[in-house]
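Colleague: Please model the entire structure based on the sequences and the hints provided.
Protein chains in written order, with the working numbering: chain A, 91 to 421; chain B, 681 to 1035.
Hints may be right or wrong, so weigh each one.
Within a straight-line C-alpha distance of at most 20 angstroms, the following computed PhoX-like cross-link-like pairs (lysine-lysine) qualify [stated by the list, open to error]:
no., chain 1, residue 1, chain 2, residue 2
1, B, K1024, A, K340
2, B, K969, B, K712
3, A, K340, B, K1022
4, B, K999, A, K118
5, A, K340, B, K1015
6, B, K1002, B, K969
Estimated spans, in silico, between C-beta atoms of each pair [stated by the list, open to error]:
no., chain 1, residue 1, chain 2, residue 2, range
7, A, R220, B, G738, 50 to 60 angstroms
8, A, L202, B, N694, 26 to 36 angstroms
9, B, P874, A, P222, 38 to 48 angstroms
10, A, P222, B, Y945, 37 to 47 angstroms
11, A, P153, B, D827, 34 to 44 angstroms
12, A, E116, B, D760, 47 to 57 angstroms
13, B, D760, A, L202, 18 to 28 angstroms
14, A, L372, B, G738, 29 to 39 angstroms
15, A, A413, B, N880, 51 to 61 angstroms
16, B, K1015, A, E116, 14 to 24 angstroms
17, A, S276, B, K1015, 26 to 36 angstroms
18, B, M879, A, G139, 22 to 32 angstroms
Because the hints were derived from the structure by calculation, they are not lab data.
By construction, the Cβ of each residue, glycine as well, lies at the ideal position given by its N, Cα and C atoms.
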Amino acid sequence: MNTAIQTKTLTLVQAITDGLDTMLGESKDVILLGEDIGKNGGVFRATDGLQEKYGEDRVVDTPLSEAGFVGAAIGMAVNGFRPVVEIQFLGFIYPAYEQIMTHASRLRMRTLGHFTVPMVIRAPYGAGVRAPEIHCDSTESLFTHMPGMKVVCPSNAYDAKGLMIAAIEDPDPVLFLEPMRSYRSSRGEVPEGKYTVEIGKGKKLTEGDDVTVIAWGAMIPVAMKAAEDMKQKGVQCEVLDLRTLYPIDKDLVIESVQKTGRTVIVHEAHATGGTGSDLISLINDEAFLYQKAPAERVTGYDTPVPYFGFEDHYLPTPKRVAAAIEKVMKF
Amino acid sequence: MEKDFPIFQVMDQNGNIVSEDYKDLVTEERVKKFYSEMVRIRTLDRKSISLQRQGRIGTYAPFEGQEASQVGTALALESDDWMFPTYRDHGAAMVFGHSLRNILLFWNGRNEGCVPPDGKKIFPPAIPIATQIPHAAGAAFAEKQKDTKNAAICYFGDGATSEGDFHEGLNFASVFKSPVVYFCQNNQYAISVPISKQMNSATIAQKALAYDIPGVRIDGNDIFAVFAETEKALKRARNGEGPTLIEAMTWRYGSHTTADDASKYRDQGESALKRMETDPLLRLERWMKNEGLYDEAWVKEIEAQAAAEIDAAVQEMEKFPKADPAVIFDYVFEKPTWTIEKQKREYLELIGGEA
Chain A
91 MNTAIQTKTL
101 TLVQAITDGL
111 DTMLGESKDV
121 ILLGEDIGKN
131 GGVFRATDGL
141 QEKYGEDRVV
151 DTPLSEAGFV
161 GAAIGMAVNG
171 FRPVVEIQFL
181 GFIYPAYEQI
191 MTHASRLRMR
201 TLGHFTVPMV
211 IRAPYGAGVR
221 APEIHCDSTE
231 SLFTHMPGMK
241 VVCPSNAYDA
251 KGLMIAAIED
261 PDPVLFLEPM
271 RSYRSSRGEV
281 PEGKYTVEIG
291 KGKKLTEGDD
301 VTVIAWGAMI
311 PVAMKAAEDM
321 KQKGVQCEVL
331 DLRTLYPIDK
341 DLVIESVQKT
351 GRTVIVHEAH
361 ATGGTGSDLI
371 SLINDEAFLY
381 QKAPAERVTG
391 YDTPVPYFGF
401 EDHYLPTPKR
411 VAAAIEKVMK
421 F
Chain B
681 MEKDFPIFQV
691 MDQNGNIVSE
701 DYKDLVTEER
711 VKKFYSEMVR
721 IRTLDRKSIS
731 LQRQGRIGTY
741 APFEGQEASQ
751 VGTALALESD
761 DWMFPTYRDH
771 GAAMVFGHSL
781 RNILLFWNGR
791 NEGCVPPDGK
801 KIFPPAIPIA
811 TQIPHAAGAA
821 FAEKQKDTKN
831 AAICYFGDGA
841 TSEGDFHEGL
851 NFASVFKSPV
861 VYFCQNNQYA
871 ISVPISKQMN
881 SATIAQKALA
891 YDIPGVRIDG
901 NDIFAVFAET
911 EKALKRARNG
921 EGPTLIEAMT
931 WRYGSHTTAD
941 DASKYRDQGE
951 SALKRMETDP
961 LLRLERWMKN
971 EGLYDEAWVK
981 EIEAQAAAEI
991 DAAVQEMEKF
1001 PKADPAVIFD
1011 YVFEKPTWTI
1021 EKQKREYLEL
1031 IGGEA
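Modeller: Shown next as structure tokens:
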């Protein structure tokens, strides 16, 4: 008997397609809705070929109406389906914000579990691909602040498929953030068929005793490059890929910070009210006396994400991250 | 446009049948059923205002004046259909089979009030305006996908038609032929803003033209017009013909809520006059009187029955166990996250045995 797991080499976006394909194949309750996701396969081709395979009833091109189709998906979720909606870019989600904030995230609580909304909202996010304005937002904190929503963000192909399947199977609404900068920048081995990456669990990418570097999504390559550069200078970084922004993997973060006593958090979202603030609160609660230096944040600024002509100045870079690592080391 | 969308009536305000085609619909049995249901919900409405004044429930949104729209629609539904009410449609929900105790619990600040009886597909009242319109489009689309004959009814007011969700929801439903009836109770005021300032269009029904779906304007205080048009729209929905927009002309006699004072923005004398002229219950009384069927003893009896039913529900509501703080933590997710578990534990520890 051959028990070896078959894998294939996929980009992150292909792994998302594979995850959707796996779940569409497994359950008739799974239905995809969004703009241009059918014949066109999505503007990033994340649903490429799925309408052809599963039909127009299951991979549904919707009118251009984020509030409308997210609202309709809530109605479908309550009525037995597991909708996966695609928001073309996270920066276009705001018309649907009311639907997510006042309904998707709180129907379970409003009705004490009588009505639930097992839906996934997919949204490519982030800057660094020379996209037009508003196509580059990284406003995950609007959703981590929202009770009743889980927020996940893979950085690689394996996690993308596993988290997608976990999100679709989750009984509650999940915002699935896709780092568009990483969609095709690398490839990874992805198992065939079904597997999950648990929501709420991060992953340690490198072992190190000196500094804990926490990042997710498109900031993982930036953090990894900085960690590698600092290694040349004799600083051992422990890079954590958070993977889920709510609920945060408390144990992973705390165990690492209690060991290193130094933390650098990297995110491209704005600093104020960002997930970095939540991480620092967590460290304050659980690892205060282990601290050898105040935690540093390397983030996007408290400015709108600028036009792409300026985006390299806005986004965290390995240089900025390395500087923060040096700062906590020298404190 | 008013001419293109005339106000459909079966029975005029004097209790005379004005649409011969619907003559057979108006039977003594149906009149009595409709009348007694309207009495039930009016009794609830008045009782609720009184409870609010006594501090026994929270802020309350009255619907008196709109009973025909709510009862006529609810009675046209099949038991497996979906209902998407607003905060002013608990009359419809009550007639459709919602628990009276839970309706009162809702107004007393309890989530338990949003839970319908098992098998009753009644959504919790929409609080933000028009957001339920896409939900109904989706829930109905799901019925179509499941190949059932179930339909949905979605209530909203005139103000909701200015919201984006109204247009997005109707558009979605029309594209996918969702089996849904969009029922607008045009009571002509969105809190204080009159319909003339709400929209430039002469009617709400005409907005259906944009989606190429039927739009009809009816006398929302004529319960037979409401019942007939809702049935017709539901039939279309079940036949796969998609959504219908019904504009029911009506009036709320009272204020927007018990926290509002309508006399600040309109002459409440007008409401008193409308009550004399177009009240949905008086209309049926006039029909019964015209037909020689009005029986004051019967009216007193159904009023007494309604009062007893509602008093019993008030007692149940007031006897309901007091709010358990664990509830606010336990229903955010199927399984609480660690942050919620921690907050719950710390709060329950703090309040000690008082939970």
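Colleague: Against each hint, give a clear statement of whether it holds in the structure.
Modeller: Hint check results:
1. Under the criterion of a C-alpha separation no larger than 20 angstroms, the hint pairing K1024 (chain B) with K340 (chain A) is consistent with the structure, at around 17 angstroms.
2. About 12 angstroms separates the Cα atoms of K969 (chain B) and K712 (chain B), which keeps this hinted pair within 20 angstroms; it holds.
3. A C-alpha spacing of about 12 angstroms is found between K340 (chain A) and K1022 (chain B), which places the hinted pair at or below 20 angstroms, so the restraint holds.
4. Between K999 (chain B) and K118 (chain A), the direct Cα distance comes to roughly 44 angstroms. Violation of the 20 angstroms bound is thereby established for this hinted pair.
5. Restraint check: the Cα-Cα separation between K340 (chain A) and K1015 (chain B) comes to about 16 angstroms, which is no more than 20 angstroms; the hinted pair holds.
6. Of the pairs offered as hints, the one joining K1002 (chain B) and K969 (chain B) is violated, with about 48 angstroms between alpha carbons and a cut-off of 20 angstroms exceeded.
7. Between R220 (chain A) and G738 (chain B) the CB atoms are about 53 angstroms apart, so this pair conforms to the stated range of 50 to 60 angstroms.
8. At about 47 angstroms, the CB distance of L202 (chain A) to N694 (chain B) disagrees with the hint of 26 to 36 angstroms.
9. Evaluation of the 38 to 48 angstroms hint for P874 (chain B) and P222 (chain A) yields a pass: the beta carbon distance comes to about 42 angstroms.
10. A hinted range of 37 to 47 angstroms holds for the C-beta pair P222 (chain A) and Y945 (chain B), which are about 45 angstroms apart.
11. Taken as a hint, the range 34 to 44 angstroms is violated for the pair P153 (chain A) and D827 (chain B), whose Cβ atoms sit roughly 23 angstroms apart.
12. Between E116 (chain A) and D760 (chain B) the C-beta distance comes to about 28 angstroms, which lies outside the given range of 47 to 57 angstroms.
13. Distance hint check for D760 (chain B) and L202 (chain A): the Cβ-Cβ separation is about 22 angstroms, which falls inside the suggested range of 18 to 28 angstroms.
14. Restraint check, L372 (chain A) to G738 (chain B): a C-beta distance of roughly 36 angstroms satisfies the suggested window 29 to 39 angstroms.
15. Separated by about 58 angstroms at the C-beta atoms, A413 (chain A) and N880 (chain B) satisfy the suggested range of 51 to 61 angstroms.
16. A hinted range of 14 to 24 angstroms holds for the C-beta pair K1015 (chain B) and E116 (chain A), which are about 22 angstroms apart.
17. Taking the beta carbon of each, S276 (chain A) and K1015 (chain B) are about 33 angstroms apart, inside 26 to 36 angstroms as hinted.
18. The hinted range of 22 to 32 angstroms is not satisfied by M879 (chain B) and G139 (chain A), whose Cβ atoms lie roughly 45 angstroms apart.
Comparing the model with each numbered hint stated earlier shows that hints 4, 6, 8, 11, 12, 18 do not hold.
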